[in-house]
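Asker: Sequence:
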Amino acid sequence: ARSHLQNRDPESAQADLKRAIELDNQEPRYFALRGLAYLCQKNFTAAIQDFTHSIDHSNDSVTKDELAAWHNLRGVAYSHESDDRQNLEAALEDAKKTIARQPNDPKHYSTRAASFAKLGNPSSARADLNKASQLGAGG
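Numbering (the numbering used here), first residue to last: 35 to 173.
Hints are computed from structural coordinates only; laboratory data are not their basis. Quick caveat: nothing in here was measured; it's all calculated off a predicted structure. Just to be clear, a hint being listed does not mean it is correct.
To be verified - BS3-like cross-link-like pairs, simulated, lysine-lysine; straight-line CA separation at most 25 Å: (1) Lys165 <-> Lys130; (2) Lys141 <-> Lys165; (3) Lys76 <-> Lys131.
Construct the complete structure from the given sequences, taking the supplied hints into account.
Answerer: So this is what it looks like as structure tokens:
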């Protein structure tokens, strides 16, 4: 499934992950990978559902970095699903959790800045873009 995603073939990845989930529906990484495939296809609702499942069913084998990535990707899906306030606030909440786990990763601040901008909070968006720039991102 990973190689299919790396080769920009989310449909094949989903087929592999469907089989994997049928064999082991307790493995949160399968749902996260499928969420990524859905995100690639711009199926944001399905991506949110799978990332939520991964987060809610994470276990001791899930690393801090994996959990941060899942929150970040779910936040991206929320911010792209629609511009309604509830989704954008959910995206901000995921960004907050992601930043708490990985405070030195500039992409998380850039992601949160986009949600702040959509919510009409340009000063917070600017602050996050400045932080991302300080950490090494183009913003």
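Asker: Hint by hint, note whether the structure agrees.
Answerer: Verification of the supplied hints:
For the hint pairing Lys165 with Lys130, the CA-to-CA distance comes to about 14 Å; that is within 25 Å, so the pair holds. Distance restraint check for Lys141 and Lys165: the Cα-Cα separation of roughly 10 Å lies within the 25 Å cut-off, and the hinted pair is therefore satisfied. Our distance criterion of 25 Å between C-alpha atoms is met by Lys76 and Lys131, whose separation comes to about 23 Å.
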